[in-house]
Amino acid sequence: GAGVSQSPSNKVTEKGKDVELRCDPISGHTALYWYRQSLGQGLEFLIYFQGNSAPDKSGLPSDRFSAERTGGSVSTLTIQRTQQEDSAVYLCASSRFGLAGGGETQYFGPGTRLLVL
Amino acid sequence: SQQGEEDPQALSIQEGENATMNCSYKTSINNLQWYRQNSGRGLVHLILIRSNEREKHSGRLRVTLDTSKKSSSLLITASRAADTASYFCATDELRKAAGNKLTFGGGTRVLVKP
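Quick note, the sequences are listed as chains Y and U, same order. Mapping of the first sequence onto my numbering: residues 1 to 117, in sequence order. Mapping of the second sequence onto my numbering: residues 1 to 114, in sequence order.
It is worth saying that the hints were derived from the structure and are not from the lab. Some hints here could point you the wrong way.
Simulated restraints, written as ranges between beta carbons of each label pair [to be verified]: (1) Ser24/U <-> Gly103/Y: 14 to 24 Å; (2) Gly16/U <-> Arg81/Y: 49 to 59 Å; (3) Lys15/Y <-> Thr27/U: 31 to 41 Å; (4) Gln9/U <-> Gly103/Y: 22 to 32 Å; (5) Gln9/U <-> Asn10/Y: 21 to 31 Å; (6) Ser51/U <-> Ser7/Y: 33 to 43 Å; (7) Arg54/U <-> Thr105/Y: 19 to 29 Å; (8) Ser66/Y <-> Thr77/U: 38 to 48 Å.
Counterexamples of contact, computed for chain Y against chain U with all Cβ distances above 12 Å [what the hints assert, rightly or not]: (9) Val12; (10) Gln84; (11) Leu117.
Cβ-to-Cβ under 8 Å is the rule here; a few derived chain Y residues that face chain U [stated by the list, open to error]: (12) Tyr48; (13) Gly103; (14) Thr105; (15) Gln106; (16) Pro110.
Cβ atoms here follow ideal geometry from the backbone N, Cα and C, with glycine treated the same way.
Extracted from the complex, chain U is given alone in its bound form (with noise of 0.2 Å):
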């Protein structure tokens, strides 16, 4: 089952504007990421984010973690065509045993018109 749940599922902009998607979670957990996905394929990794920071920036990403509201946004400044892709949210949970499987959010499509 999932753990998380994103909004919006789908979301488009255009070139240039900035493009905001949101990831709640249920349990605790040590370490959310954000991955992006095109066509349906192989997953790339974004940011990592731990439990006990609140905000990470990487380029023209920027993440914060909120761990009392169970929540998480990833923020794509100045988007760009090339940012069209579906984003997904992955949490590790805080348990000795879970090691580093990861649940994932149901995903926010965004499409990115030139």
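For reference, chain Y alone in the conformation it holds in the complex (with noise of 0.2 Å):
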């Protein structure tokens, strides 16, 4: 079946702008993560989506960052005013239940490459 997707694959953008990453997590899925890569922070954490508990936030770096997911399914990650620092690969992640206590196989999309100018 499909995998977790992710758009755009690449994003160039000028400094101050806003933009949007989608992510489609696998159907019937229902725990969605968002986290970015970059050269100087490695992998890192930024939000969890399950099912309709209130997300964990605990992971965004400002409140320029902010997360929705419509319908359980669908995630859009936006960052507001953006910054030299916010480039990165962000990547998108979904499980079937994301059961607290963990212990499931998170499946990857391919990521967003984010440049910012």
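Reassemble the complex: the two chains are provided individually, in unrelated frames, and hints are given to aid placement.
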């Protein structure tokens, strides 16, 4: 079946502009995660959605970052007033249940490479 | 912030040799997973080991976990050129509210030369 898809694959934007990154998880997966991978910080957790529960936003680096998950499926990560340090690969993943205690495989999308000039 | 440290940061071996990489982490965990990443894009799950397990095998992969030392190792036997990739360990913390959030190590870049 189809895996996790992300769009766009690459995004170049100017400092100060807003960007939206999209993630389509595997159909039926309850949990959805956003991570960021950059040279300086490695792979960092950003936000986690599980069913209808309030999202875990503990990894968002500033209030310029926000994410939505509509209808329990597609998610959009929005970065407002982008800065050069936001340049990174943004990875989305989904898992079947998102159980407390973990132990599930997370299936990753190919990522969106964001470059802020 | 990253939970884990991985070593070595980079590893270069000949095809057919074994590759061993290590991961250390800081907090108590439920599970530890290893992922592979090709060309800086999406990660692929390799193997999961639970905190009450000490060793696990999957094909040419062998993972060990020592919770007393907060460390894990990944061994790839009889390596192939296609194993060239970056390898990351990832942990989920032993906290009720943590859900399935993963914390990744810094990764080991493995180059397998034909």
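Q | Ascending list of hint numbers which this structure does not respect | A | The structure breaks none of the hints.
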